[in-house]
Each structure stands twice: as structure tokens, then as C-alpha cells.
Amino acid sequence: MPYCPKCGVEVDDIITECPLCKFPIPNVGREEIKESLQAKYPVANNIYLEHKQKIKSQIFFVIIVILISALVVLSVVEFVYPVKGTITSYLFIVLLSLFIYSFLVFGFLNRGLTILGMTLTTMVITFFLSKINDGNWFKTYALPLIIVVYINVVAFDYIYRHSKKKNRFGYLPAFSLLICSSLCLGIESIISLNIYGVIHLTWSLIVSVTCILVAYLLHIIINNLSDMSIERIKRKFHL
Amino acid sequence: MERQNWYKLDNAGKLYPSIASTRRSTVFRLSAKLTKTINPEILQKALDQTIKRFPYYKVNLKRGLFWYYFEGVKSNPKVQPETYYPCMFLNFRKKGTFPFRVLYYNQYIHFEISHSIADGNSGLIFLKTLLIQYFNELDNIDCDNLQGGFNLLDDIDEEEYEDAFRRYCKRDIPTPKNLQSAKHFPFELMEKGRYLFITGISEVSDFKIITKQYNCSVTHLVTAVYFLAIQDYVNALDKYGKKNMQGRIVINLPVDLRQLFPSKTMKNFFVSLTPAIDLRLGEYELEELINYVKGYMQLEYNSKHISQFISKNVKNERMMMVRIIPLWLKNRIIPYLYNKYGEKGYTSSISNLGFIKLPEEINPYVEAIEFFPAPSEISKSKMCMNAYKDHIYISFGKTTQNTEIETCFFRRLRKMGINIKIESNYEQKGEN
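Those protein sequences? They're chains A and B, same order as listed. Residue numbering for the first sequence follows the working numbering, starting at 43 and increasing by one per position. Residue numbering for the second sequence follows the working numbering, starting at 75 and increasing by one per position.
Heads up, a few of these hints could be off.
Sample of chain A residues at the chain B side, in silico, Cβ under 10 Å [as the list claims (entries may be wrong)]:
#: 1; residue: 54
#: 2; residue: 57
#: 3; residue: 59
#: 4; residue: 63
#: 5; residue: 177
#: 6; residue: 178
A few chain A positions that, by computed beta-carbon distances, are all more than 12 Å from chain B [claimed, not checked]:
#: 7; residue: 62
#: 8; residue: 68
#: 9; residue: 81
#: 10; residue: 115
#: 11; residue: 141
#: 12; residue: 152
#: 13; residue: 186
#: 14; residue: 228
#: 15; residue: 251
#: 16; residue: 258
No lab work stands behind these hints: they were computed from the structure. Glycine included, each C-beta is placed from N, C-alpha and C at the ideal position.
Using the sequences provided together with the hints, build the complete structure.
Listed below in C-alpha cells is the structure:
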């Protein structure tokens, strides 16, 4: 019977690494036995994830029913008792956007598509809103701001997922501060460009420098915390 | 007279529905490995017959105003193929859900049951009866000596669904002190819904050589080695980790009370003893720990001392202030109290079902019987053990992926000359 050279324990013929120390078990003459052996455990599904998905679908269904009912009521109001002004147009756009946002928030798509979907939805909504009140703020403010936020969110997501797996939860505050500093720089750049015609940074520089310093400090603290302390922080502050 | 169709939860069981969650399912598992692949139709027939003898398990959990209770139902539980991780959350507060499940996979029959209705010993009686009935349906095998299993033709004794804690509670004796808090493993929890097992299988004869050498029982030896394994783990930590783990290491040892206080109850009837060491006091040696555990058990495991625990538990439950709190409020308070005064008090636990015997007629067809602990959020690695035929099965149930404690434990046993075979549901590289 194969055994782990490090732990000295025997394992089944179908096992390729030691369940205790993860040391690879030498694969010598096992091909014939593999087929005849019946596995002890199935490849297990996670009941919690399935349960969570079911509840999410139920909540989404309820939200959709409410939104559709609201749309029907609005349509009746619009066609039977036409109200002057733009209030129903605003409400239509809000309800439609809520419909799309709910779909995206409930995680029916993967993360990248969800972020992209939210960005595009926001762009379309702000475009129509600016059309309703005849403003040109969509091109000057909304579009550049949405792009800045999108870039920041994608960057945050990428860094978070590709950061050191161990303790990555602990890096969250530091990442958030870095993203916050970059976001502030972007917002002030857009505002100053629209007002003065040039990029003129003041308050965002102060915020950015402070955020970067605090993020660096947090990084140092987190790196020197023991696993036990990180576990305790996680336990106390988990959402 | 019509038989009672609802059942109060026993003293220990009252706690579990309130604290049950996705991470802490309070569901433990008993498994039987047969020589042939399970026939699900026959297993269903056997379960249909068996459950008639256990009407107090053919129940659904219901909410009362002040406590939960079990209500008898007409429908029968269904056997299911095993598809999820073991000991998963049983949403038995939901209508139509039984407080147990019978699963099958290849050669295995698994009986998973909530602690709210049974303990390891009563669960084992059900599994034995189910196995006897399975072989009776499969090959018409009749057993003479049932070795603890129930005869389906026997009448149901009222004692089987009594709350034995109440029967043996003495009101006027002093109660023991509350547990001090213990150190806990600082391992990262896995995602919700995952639960891992590591089982070490060894020969009884290998253990006998060592227990004879130290003049102790297998429980004493395993507890002592477990303490040593934790010490080994702490010693290998860096200075921050060591500082955090230096302190009281407490093992929770549930003991079956049916031997000290005769009862046929099929509900919970156990209390937990808590041997402890303090790593701040220095290095411990194996012999020293065996002597400590032996001495501790001799001092604590006697009817006088255990009576104190029973009285404490029953007094807490019978306090008028506790009883009049509505159930919805109890459900919010109890998990907090359990975390603070229950699981905080021990580092890990060892449940020993002892030597399991099956009727001679079916013995050749059952290769193994194993016992697995319920998952826990605070006590991230817990141990169960039992012996069957010539083997001892030591199973760890883990809500963390870290295996340092188990590695230290089994390496210690290997160094003592005990051969071990490891089985686990860890995903191998390349598996999904």
C-alpha cells in the first residue's frame, strides 16, 4: 500500500498526495487498482451555495414582481391621467434601471460582466436623464466620472484577487484607501478641467497623500500581525 | 390509550436547534462500510421498517411559545444519495424535514442525526437496527443476539423517550464552577458549507501494546497524545503565534451516562468532562500526560461528581426566568451564551463510542463502522473515535483546511510504532 514518506502513514491507492502534509505520494503501479477501487467520498457539492442561490433567486423574483407592478401603475397613470412634467419619465428610468441593477447585484453573471453591466447601465441612465432635462452634463461630467469609477473598481478587483492569498482580507482597508485616493484625483481632474479648462489639483492631492500614507501604515501593521490576531479581527469585524 | 405524538426536547437537546447554523450544523455522522454496493430500494424498505420502532425519531421540529418540541409525522423519511459535504446543516426547522438523514454512496450507509434529538450512543443503536433490517430485507438474515440493536417486534418502552437528565437530577447538591476560557486554534475557516474529514485507521493490537506498556486505556492514550500534538504544534509556531497559544489547552470529553445512571433513553444523555493542561507551565511528557488523564478521569468520572453536572444543567433549564423567555428571544440569546460559556471553554473535543459490536450473522458483511463529529466554528478541529472488529478509527472533523494538528497527532502515533492508514475527503489536486 502506498505511504507518505514524510508522515509514515499509509494511504489508499487512489490518493496522489498525503492528506496530512500534502507531500506527493509516488505513483508506482497504481493504474490497474484505480479502476477496481470504490471511492469513499463523492465529489461533494456545497449545500450552502445552492441554498444561497435559491434564496437569491426568490428575493430577485419578489423585487421583479414589485417593479413590474410599479411599471404597470405608472403606465396607467401616464395614459389615463397624463401628468404634465417629467416626473413619470424619471420614474420610468429609475424603475428600469432598478430592474437591471437588481439582476446584476444578485450575481447571476460573473464579476467582470457584472461590473461592466453596471457601468453601461449607469451610462445609459445618465444619458437619458441628461436628455430629459436638456442638460449637457452627460458628456462633460457623467461619462468621464463613470469611466474613472469603472477603471478604479476594475483595478481594485484585480489587485484584491491577485494579492497574497493569505490574509488578503486584512489588505482590504489598505486597498480601499489607495482606490479612494485615485478616485479623488480623477474627480477633481474632471471638475477642474470643466471649470478652468486645465487640470488643477488641490484638495484631492491632500486626500491622496494622506490615504497613501495611511495605507502604507496599515500594510506594515498587517504584515506584522500574527495569524491569531488577524483571525480575531476577522471574527470581530466580519460582515 | 393513544401513544404520545409529541416529544419535549431533552435537557441537552434544547440548546441545539437555537445554535444550529450553516457552520455549526450540530449534525454528527455514523457510517457503515459494507462489503457490497448499497441497494437504495432495499435500504428504503429497511428504513421504513426501522423507523416504526423509533416513533420518537419520526418527528418534525415545531416551535412552541417557550421551547421547541418534536411532533410525530405520518410520512416516512427517504434515503438519499450522498452529494453534499458530510454533516451538513439540516434545516429541520423547515416543515417536513426530519432531524436526521440516511445517505448512501457506493458501499457506505451514513446516518447523520442532529444532536437535538440523539447522542452518539442512541444514534448507534438506530444504525445497528437499520443494518440488521437491511440485511434481513436483502438476504433474509435473522439475527439472534442483536448486540444493542432493537427488535422491531418489541414494544416501545416509555423510558426510551424520557429526559434522563431530569430523572437523575438532585436538587440540593452544589453545582460545579463554570469553565474558564481556553485557547483556540488560530486557523482560517473554510467557506461555509464545506467540511473535511481525516480518518486514521489502525490495528487494535498496535494500541494494546502501548496501553499495556503505560497501563492505561485507549481513551487515556489518545487524549494524552492529542495534548502532545497540540504542544508540538504550538512549539513550532513563531514568537507571536506561540504567545497567542500559550495558555490553557482544554479537551472536551463527552461521557455516556447510561453506565453510571441506568436509562434506556434514546435521547441525549451525556456530560462533558474537560481535562486541561497549561502550556505556560512548561513542557509535558507522554507519561506525565497519561497519568494526568488517568487521574483526572478517576476523580471526575463517578456518579457523585457527574450528578453535579446533571443538576447544574437541569437547574439552568428549570429556572423560571429562563423558562418564561419567549422562544424567539431565546433563539437570539442562546447562541451568544453558547459561544461565551460553551465552546469558548475548550480547545477541541474527543468523543469515543468505544468498541462497537454487530450481530455475528451480519458481521462478515460490514467492513467498517466510523463515527464523525459535528462541525464547529470555534472548535475548528474535533475528534471522534471508535473500534470495530480489529481496527480503531480516529476521525477528525474540520472546518479549516489546516492539517498541522492532525499531522502532529498521527506522526506521534507513528513514532510509537502504531501503523496508520489515512482516509480523507480532501480534494486531491486536479479534482473539482
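Going by Cβ atoms, does residue 68 (chain A) stay more than 12 Å from chain B at every point? Fine: 15 Å to the nearest Cβ keeps residue 68 (chain A) off the interface.
With 12 Å as the threshold, tell me whether residue 115 (chain A) passes as away from chain B on beta-carbon distances. 35 Å, holds
Classify the label on residue 62 (chain A) as holds or violated, using whether its beta-carbon is more than 12 Å from each beta-carbon of chain B. 4 Å, violated
Taking the least C-beta to C-beta distance, is residue 54 (chain A) closer than 10 Å to chain B? 6 Å, holds
Whether residue 152 (chain A) stays farther than 12 Å from all C-beta atoms of chain B, as the label says: At about 17 Å from chain B, residue 152 (chain A) clears the 12 Å cut-off, so the statement holds.
Given a cut of 10 Å on the nearest C-beta pair, is the interface hint for residue 177 (chain A) held or broken against chain B? 47 Å, violated
Far enough from chain B: is every CB of that chain over 12 Å from the CB of residue 258 (chain A)? 21 Å, holds
Whether residue 186 (chain A) stays farther than 12 Å from all C-beta atoms of chain B, as the label says: It holds; residue 186 (chain A) is separated from chain B by about 38 Å at its closest Cβ, greater than 12 Å.
Is the Cβ of residue 251 (chain A) more than 12 Å away from each Cβ in chain B? 31 Å, holds
With d taken as the least Cβ-Cβ distance between residue 141 (chain A) and chain B, does d exceed 12 Å? 30 Å, holds
Taking the least C-beta to C-beta distance, is residue 63 (chain A) closer than 10 Å to chain B? 5 Å, holds
Quick check on residue 59 (chain A) please, does its C-beta sit within 10 Å of some C-beta on chain B? With a minimum Cβ separation of about 6 Å from chain B (threshold 10 Å), the hint on residue 59 (chain A) holds.
Consistency note: the structure conflicts with the earlier hints numbered 5, 6, 7 and 9.
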